[in-house]
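Student: Just so you know, the protein sequences line up as chains A and B, in that order. The first sequence maps to residues 1 to 347 in my numbering. The second sequence maps to residues 348 to 797 in my numbering.
No lab work stands behind these hints: they were computed from the structure. Beta carbons: idealized from backbone N, C-alpha and C, even for Gly. Mixed in with the good hints there might be a few duds.
Claimed, not checked - Below, a sample of chain A positions facing chain B; criterion: calculated Cβ distance under 8 Å:
1. THR123
2. GLY129
3. GLY132
4. GLY141
5. ALA142
6. ALA144
7. GLU164
8. ARG171
9. GLY173
10. TYR176
11. CYS208
12. PRO209
13. ARG233
14. PRO310
Said to hold, decoys possible - Straight-line Cα separation of at most 30 Å, DSS-like style, residue types lysine-lysine; simulated pairs:
15. LYS740/B to LYS451/B
16. LYS117/A to LYS65/A
17. LYS774/B to LYS318/A
18. LYS322/A to LYS776/B
19. LYS318/A to LYS776/B
20. LYS451/B to LYS421/B
21. LYS322/A to LYS774/B
Residue strings, one per chain:
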Amino acid sequence: MAAAAARLLLRSVSSKDPVTNIHASLHNSFGVTLLKLFPSCTFKPKTQKRHAAHFTFHPDPVPTKYGSTMKMNLFQSVTSALDNTLSSDPTAVIFGEDVAFGGVFRCTVGLRDKYGKDRVFNTPLCEQGIVGFGIGAAVGGATAIAEIQFADYIFPAFDQIVNEAAKYRYRSGNLYDCGNLTIRAPWGCVGHGSLYHSQSPEAFFAHCPGIKVVVPRGPIQAKGLLLSCIADRNPCIFFEPKILYRAAVEQVPTEPYLIPLSQAEVLQEGSDLTVVAWGTQVHVMREVAAMAQEKLGVSCEVIDLQTILPWDIETVCKSVVKTGRLLISHEAPVTGGFAAEISSTVQ
Amino acid sequence: MILKMAAVRRMMKLYGLGFHAIRQQTSLRASRVHQQRAFHVNGAQRQQPFDSSVEKPQFPGASAEFVDQLEFIKPNVISGIPIYRVMDRQGQIIRPTEDPQLSKDTVLNFYQKMTLLNTMDRILYESQRQGRISFYMTNYGEEGTHIGSAAALNPNDLVFGQYREAGVLMFRGFPLDLFMAQCYANADDLGKGRQMPVHYGSRDLNFVTISSPLATQLPQAAGAAYALKRENSNRAVICYFGEGAASEGDAHAGFNFAATLECPLIFFCRNNGYAISTPTNEQYRGDGIAARGPGYGMMSIRVDGNDVFAVYNATKEARRRAVAENQPFLIEAMTYRIGHHSTSDDSSAYRSVDEVNYWDKQDHPISRLRHYMTAHGWWGEDEERAWRKQSRKLVMEAFERAERRLKPHPDLMFTDVYEEMNPGLQKQKESMWRHIQQYKEHYPLDLYDK
Chain A
1 MAAAAARLLL RSVSSKDPVT NIHASLHNSF GVTLLKLFPS CTFKPKTQKR HAAHFTFHPD
61 PVPTKYGSTM KMNLFQSVTS ALDNTLSSDP TAVIFGEDVA FGGVFRCTVG LRDKYGKDRV
121 FNTPLCEQGI VGFGIGAAVG GATAIAEIQF ADYIFPAFDQ IVNEAAKYRY RSGNLYDCGN
181 LTIRAPWGCV GHGSLYHSQS PEAFFAHCPG IKVVVPRGPI QAKGLLLSCI ADRNPCIFFE
241 PKILYRAAVE QVPTEPYLIP LSQAEVLQEG SDLTVVAWGT QVHVMREVAA MAQEKLGVSC
301 EVIDLQTILP WDIETVCKSV VKTGRLLISH EAPVTGGFAA EISSTVQ
Chain B
348 MILKMAAVRR MMKLYGLGFH AIRQQTSLRA SRVHQQRAFH VNGAQRQQPF DSSVEKPQFP
408 GASAEFVDQL EFIKPNVISG IPIYRVMDRQ GQIIRPTEDP QLSKDTVLNF YQKMTLLNTM
468 DRILYESQRQ GRISFYMTNY GEEGTHIGSA AALNPNDLVF GQYREAGVLM FRGFPLDLFM
528 AQCYANADDL GKGRQMPVHY GSRDLNFVTI SSPLATQLPQ AAGAAYALKR ENSNRAVICY
588 FGEGAASEGD AHAGFNFAAT LECPLIFFCR NNGYAISTPT NEQYRGDGIA ARGPGYGMMS
648 IRVDGNDVFA VYNATKEARR RAVAENQPFL IEAMTYRIGH HSTSDDSSAY RSVDEVNYWD
708 KQDHPISRLR HYMTAHGWWG EDEERAWRKQ SRKLVMEAFE RAERRLKPHP DLMFTDVYEE
768 MNPGLQKQKE SMWRHIQQYK EHYPLDLYDK
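This is chain A alone, in the form it adopts within the complex (with noise of 0.2 Å):
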């Protein structure tokens, strides 16, 4: 009985609702603390899986102005994004590590043996050269696409995007800037990540006026978005929700199309409370959004972000405006987190 309950504390971390669950908990002999279950709980011990989810991904419905479409999850559809812009764009090149063999995350297989080893190369182990490199590279009139592992380590290169890239059009008097360089990273939660494999650190870009900051929630965002970035003649920062690389599927264009940066998305109008997330989380929300409507009989507007900075101030105030309430959800810790920025605007 013991193992069994040590066997469910260790579930209950990835789990839908541990909070919830939790009516007692005791000491054992050994100070670990174990969860005592009541027979009222949700959780099936036999069919519990180790990665189960917290959430359900809702995916968006298949596109039809973009062109023909073809499954792919959210690294593919990152690979898809590439892949368009090294065809069509030839100064554009890829760099991080391990990028060459395809990436710890697949996002770039394939893609070095289809357009060359100058195009698509590892760098050495060292963020802060990365993004510096990256900065360069587009100075030099390359588009660069910069990937950062995770990014829980884009910290040492904080200043050369904070103090360079984001200043470096300002600072110049728009002699130079490095408006070709995108940032990719890794971000948000994935169950087993813990400190450093789960960060979500928008909040501390979005502090930082001359970069963008982007934040896809599924396959077919991811790409559009991606291209944006990509086009867009800033720095831009896109953070891929890697829980999502593999878990989020749907019909993606084959051909490239562009999302607009800076336009929030209202995925389902509601009445009576705006809710706002990105990334992950929007999954979590529209969840929620059919719980409340179905136990609170509460009709929420649920909106998507997608871009953190600069944000879509308009959308989210209409909708407030018309609801009278806000709810934002997001990874990041609470204080400071990108909620209160938002929270502070629309009050």
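Put chain B on the given structure of chain A with help from the hints.
Tutor: The following block gives chain B in isolation, referenced to the frame of chain A:
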């Protein structure tokens, strides 16, 4: 909303015309054919192929023999990498084959640029002391490093600097008016008055705008060199930095990236003995910066930075090979910072006046070149007097013009943050103007461009 729609339309248009056709601001790309250049390692040695049958090391990480005696490598800092020079301190050529044998006009131009820089430095330093500009950094003692290296480059080679390379810009022809405009932050400043003095930049002269954070330019220079390599444009990149900045993590990143990614790049370190008040023995324990190059697999040399011909020769050869062989070169130019770090510094607090005087009087790049010119009969007292008068007049006239100019329009505080104007910034700008309208008696709008 309207701004966003315009942005979307522009982006859709981008796709219609082809991704790359519009984006490029350097205007090189549209007309350039991207040849499939052979990317292979030119200078670096390769590992031996794996062969487990022999009793030799097979480790992928190093190509070396075994040794069975425990011995640590002792770093050689007493007798370090030797310093290449062409002239002695009296301006005499030591080995005639090393004399670059530049024409009289070329050498006179070197001299005039170094002295013009010196004159401008004196006047602008004074102007800060008089409260006319906010801040200044002089280049005293390092003129040779600027002019010697700048002369060895092609005009379209890209320059990344730190902040003490004004002579490079001057050599390339940046007008005195624009130096002054940047220091005065007036309406003529190409940088639109946004940065502190001496943060120069010029698109036409391929001099990337200076930024205050140190060593950030090193990995950027590697990236730019890589992009230029792919363009097959026969352009090199030079990246200047001081021995203090070389301690930054970005310097390590820059060296390593340039070497592994085979970039046509010259790293030019001005080792002038001090990083503000920090002497070199507190900055590093090894044999300066040149000794680090081999650690990265980089060709390296140490030169006498006060010998303009040595700097010229080393930079010229490094440039030729960097482009031909796609590998970075490290040049450590030994020199001395005769002036204070900046107008905010008084170096008598940490070094003796005697030490400074030695360099000013006995080993100065300007006087060494003058000795060379005098020995060739190209310069004398009369020329010196006339030139001093003329250069001072040029600087003073530019100075007076700059002082009288208006400051940039306040709207320029809000542009160029992004390429496009942003609704948030637009609101801030409008809020500022409302405030200024309401309290206009407190704001000296007459000083600003209309």
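Student: Take the hints in turn and mark each one as holding or not.
Tutor: Hint check:
| no. | hint | verdict |
| --- | --- | --- |
| 1 | THR123 | holds, 6 Å |
| 2 | GLY129 | holds, 3 Å |
| 3 | GLY132 | holds, 3 Å |
| 4 | GLY141 | holds, 5 Å |
| 5 | ALA142 | holds, 4 Å |
| 6 | ALA144 | holds, 7 Å |
| 7 | GLU164 | holds, 5 Å |
| 8 | ARG171 | holds, 5 Å |
| 9 | GLY173 | holds, 4 Å |
| 10 | TYR176 | holds, 6 Å |
| 11 | CYS208 | violated, 10 Å |
| 12 | PRO209 | holds, 5 Å |
| 13 | ARG233 | holds, 4 Å |
| 14 | PRO310 | holds, 5 Å |
| 15 | LYS740/B to LYS451/B | holds, 24 Å |
| 16 | LYS117/A to LYS65/A | violated, 34 Å |
| 17 | LYS774/B to LYS318/A | holds, 17 Å |
| 18 | LYS322/A to LYS776/B | holds, 28 Å |
| 19 | LYS318/A to LYS776/B | holds, 23 Å |
| 20 | LYS451/B to LYS421/B | violated, 47 Å |
| 21 | LYS322/A to LYS774/B | holds, 23 Å |
Violated hints, in rising order: 11, 16 and 20; the structure is consistent with all others.
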